[in-house]
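Produce the complete structure using the sequences and hints provided.
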Amino acid sequence: MKIIIPFLLLFISLTVSAQKKVLDHSDYELWSTIEGDQLDPNGKYLVYALAKGEKDHFLKIKDIDGRELLSYDRGKQGLFGYDSKHLFFTIKPWKDSLRAMKSRKVKKKNLPKDSLGIFNLENKSLTKIGNLKSYKVPEKWSGYVAYMLEEVKTDNTSKSKDSVQEKKPKKKNVSKENGYHVVLRNLEDNTEDTLKFVTHYTFSKKDNMFAYSTTGPDKDSNSSVVVMDLENEETNNIHSVKSAKYYQLEFSETGRHLGFVVDADTTKVQIRPNELFLWKKGAGKAEKLVDSSSAPKDYLVSSDGKVHFSKDESKLFFGLRTPPIVKDTTLTDDEIVNVEVWTYNEPRLYTVQELQLKNDTIRSFETVIHLKDNKLVQLANTEFTESELGDEGNAAYTLIGTSTPYELESQWKGFKEYDYAVLDVRTGETVRKIKKSAQMKLSPKAKYAYGYSRVDTTWFTHDMKSGIYKALTKDKVFYNEFHDYPDHPYAYGMAGFTKDDASVLLYDRYDIWEFNPKTGAGNRLTKGRETKTRYRLVQLDKEERFLNPDTKWLFTVFDEITKNSGYVLFNPKNQKLTKLVSGPYRYSNPKKAVLSEQLLFTRESFKEFPDLRTTDFDFENITVLSDANPQQSGYNWGTNELINWTSLDGKELTGMLIKPENFDPNKKYPLLVNFYERSSDGLHRHRIPRAERSSINYSFYTSRGYIIFNPDVAYRVGYPGESAYNCVIPGVTSLIEKGFIDKDNIGVQGHSWGGYQIAYLVTKTDIFKAAESGAPVPNMISAYGGIRWWTGLSRQFQYEHTQSRIGGTPWEYPARYIENSPIFNIDKINTPLLVMHNDADGHVPWYQGIEFFVSLRRLGKPSWFLNYNGEPHWPLKLQNRKDFNLRMAQFFDYYLKGAPKPVWMEKGVPALVKGINQGYELTDSPE
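Numbered according to numbering that gives the first Met the number 0, the sequence shown spans residues 0 to 926.
One or more of the hints may lead you astray.
Stated by the list, open to error - FRET-style restraints, in silico, Cβ to Cβ:
| # | residue 1 | residue 2 | range |
| --- | --- | --- | --- |
| 1 | 813 | 861 | 29 to 39 Å |
| 2 | 286 | 544 | 28 to 38 Å |
| 3 | 18 | 189 | 50 to 60 Å |
| 4 | 233 | 286 | 11 to 21 Å |
| 5 | 661 | 43 | 40 to 50 Å |
| 6 | 381 | 221 | 28 to 38 Å |
| 7 | 233 | 342 | 50 to 60 Å |
| 8 | 374 | 92 | 50 to 60 Å |
| 9 | 475 | 577 | 19 to 29 Å |
| 10 | 190 | 129 | 11 to 21 Å |
| 11 | 374 | 802 | 48 to 58 Å |
| 12 | 406 | 802 | 15 to 25 Å |
Keep in mind that the hints were calculated from the coordinates and are not lab data. Every residue gets a Cβ at the ideal spot worked out from N, C-alpha and C, and that includes glycine.
Structure below.
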C-alpha cells in the first residue's frame, strides 16, 4: 500500500521538546473539527470546513492530490455543481462582530447577513453575493444557480415608450408574506434574471426546468406560478389569481410535470378551500384536479401534505386532511376555559398530545391521482394514518398502517405494534389486513413487506401479492447477544435487498447472511464468527435502492477482540473477500464520488485526528488531504489500551485505560473512572480537547497527569446498581494492584445513566475520594411516575423494560425499587459530590437532582449543585459548557491532586452575584 502525503504533511521535526505543554481550558480554541466534507461528482476535488474552537468556519477546497485551491474565512456548507465546474458555499458573518453588535442592542434586521460564494473550479475565480437568504442548484444537471435575497432595492416606477410618466403602482416590500427576490443566474455567461416577490422556487431534478411562485411585482398584481424551460428559453405563467397562496411546488423527476396546491380564497375563513393543480409540459395553463367539492367526503386538500410524482410519472401523490376544528373567535381571554382533561384510556398521554399538537393539526393522508384518467384513490385515512409507497411510487400495492390500538400499552411496554392493510393502488381495494405486527417496510420493488419482530426475535417477510408470511431467521441468533434488559432484544440490522428483491442481506453479531425472501432459505456470506470479526456493508451510492450483484461490495471489518478495523472488498459472484486495509484504527464509512470510483474516508485513533483521506477502490494509493490540528504534537497527549478483569459475579470484562503520554509505571497517578454501559469498542476513538457537555474530556485530563478508566458493565435484570458495583469496583481494584494508581486519590464521573450508577456506588463504597454525578436518578419510585418532557412520554417503560432494568412495576417489585434507589442509603455516603442537573432537562426530571442534593445538604455531606438555567439534559451553550468543565476540573484537582480550593466551593455563588462573579478564584490553601 502506497501512501502519498502532501509536502506540508511531510515535515517532521528532528528535535522533540523534552517537556511538552499541558492542556488548559484556553486551549480548546486551538482545536479544529472537520465538517461538510464531500467530493465533487467527478472525484477531482474536495471541499470541507474547519470549525476552529467552536467559532468561525474556514472553508477549504483542494484537488485530490492535496493542492489547495481556495481557503476562505467564514465559509461553510460547500456544495458542488453536478458538472464539477463550480462550488457553492455560504459565507457567514464574523461571530465576534455579531456578538459585539448584539451587545450594542443592534436590531436583528440590521445585523449582517449571510453571503453566497460561487467558486469557478476551472478559472479559479470567486464571486460573492450578499444578503443571502437561501440558494438552490439543480441536482442532476448544471449551468444555473438560484438564490433568494433578504432585500434588493427596486424601482417601483415605470415609464411608457413615449416617456410619459404612468401612475405609480402601490409600494410593496419584501417579507415572508409577500415573498423575496430570487436571482436566477446562468453560470456559463453570468447573465441574471431577477424574479420579484417569490414565495417558493425549485429546479427539476433533471431536464433544465425551473419553477417559482410569486405574489406579483406590486400590490395590484396577481399571484402566479411560473415555469421556465431554461434549455429552450421559454417562460410560461401557468396559474394566476389575485392574492392566491401557493404550496408544495414540486416537479416530477424529468420536469415534464409540476404539481402544486392553491389557496385562492382572500377571506379569513378557518376552513381553507385548497385546490390541487397539475401542469404538463407543453400545456399553456395548469389544470385543477381536486378541490373541496371533488375531494372524498369529509376530507379536504391539504396544503401541508407533500406533493410528489411516481418515478414513471403516471401518478401524482398529494395529501388530504380532515376539516380543522373551528374556533369561536368571538370569545375573549377571560371567557376561554383553560383546563386539561386527562383520561385513563386515551391512546396517547396528554403530554404527548401537547407536544404533537402541531403535527396533529397539519396531519395529512396520502392520496394518489392516476394521471392517465385522473382517477383519485385515497390511500391513508383516519383509521390507517401512515402509508408507504413501493418502487418509488410505481408499485401496484401500497402498505398502510396504524399504531393507535397499541399506543396506550406502549406507555409501559416501550415499543409499539401495528395493524396494517395492503391496498391496490389502482382501485383502492383492501387486499388483506395484518393485525398486531412488528413494524414493517417495503422492499425496493415492493414485492415484500418485511420487518423484525422483537417479540419473536425473527426477521420475516410478507409476500405483497400472495400474502404468504415467511420467517427468515427463526431459531437463529440475529439479535443482540449482549442483551441484558428485561425486554425483547433488538436485531443487528440489515444491509439491504439485491436487484429485483431477489434476496435480502441481514446481519448477525459478526456476519452478513443472504436470505431468499420467498422461501426463507439462507446462507452465510462471510466467516466472521470464527475470528470474532464483524462485517458490515458500506452503502456508497445513497440513491441505490438495491445491491447490484454485478459489482463488488465494500465492507467494513471490526475485530471484536483488538477493536481494530478496516475494509474488505466482497465479490458476490464467487463470494471471495479481498483485504484492502486494516490496523489499530477506527475507520469511517467511506463516501464515494457520484460519477467516479474515488472514495473519501478517515481513520483515527486516540492519538490520531481523523483527517480526510482519498483513494480508489483498491486502496493502493492513499492521499492525506487535511491536517486539521498540527499543534497537537506540541502537547502531552495520552495513550489508550484495553484491560481485562473479572467481575464479582464471575463475568470476564473489558475496559479502556487511558494513560498520559509520559506515563511512568513507577509513579503513582490519580485515577478518574468514567463509564456508562459498554464503551470498549470505542478504543480507537479520537477525542479532541473541548468543553464537553456532560463528560470529562479524556485528552484534557490525561495531559494533566490523570489516568482514566472506562469499564464495560454487564447487568443482571432487577439489580442494575449492584451490577455496576460488581463490574466497576473489581476493575478499579485490579488497577490498584498494578502499582501505578494512587489508591487514595480516585474519582468517578458520569452523566444520566452513568450519573445514577455513581449515585448508587457512593452509597456502597468509600473507594472514591470525589464524584461528579450528572442528572442522576436517586429515587426510582418517584422517577417511575415522571415524564420525559422532550417527548411527553411516561417514564414507566424505562423501569419495566429498558435501561433502568428493574423488570416490573413498583407494586410488583417494591424491594427492587428501594434497593436500587440511592436515596434510601444516602446517609452512608462519605464521598464529596458535585451534582449537575438542569431545570429544562427533558430526559430526567430535574427534581431528581434536587431530591439528591437537598438530602445530602440535610445530612451535611460535602456537595455542590450546578443548575444551568434553561438548559436541557446537558448544557449546550458554549459559555455554560466551559463553566461546567472548569468547575469540574477545579473540583477534581482539589480532591485528587491537592490543588487550592476555588472560592465557589468554599462560599458558593450567591444569587446576588449570579452571572457577575463566578468564584473561579483559588483560595490560598489546598486540601
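### Query
Which numbered conditions among the earlier hints are violated in the structure presented, ordered from lowest to highest?
When the structure is compared with the hints, none of them turns out to be violated.
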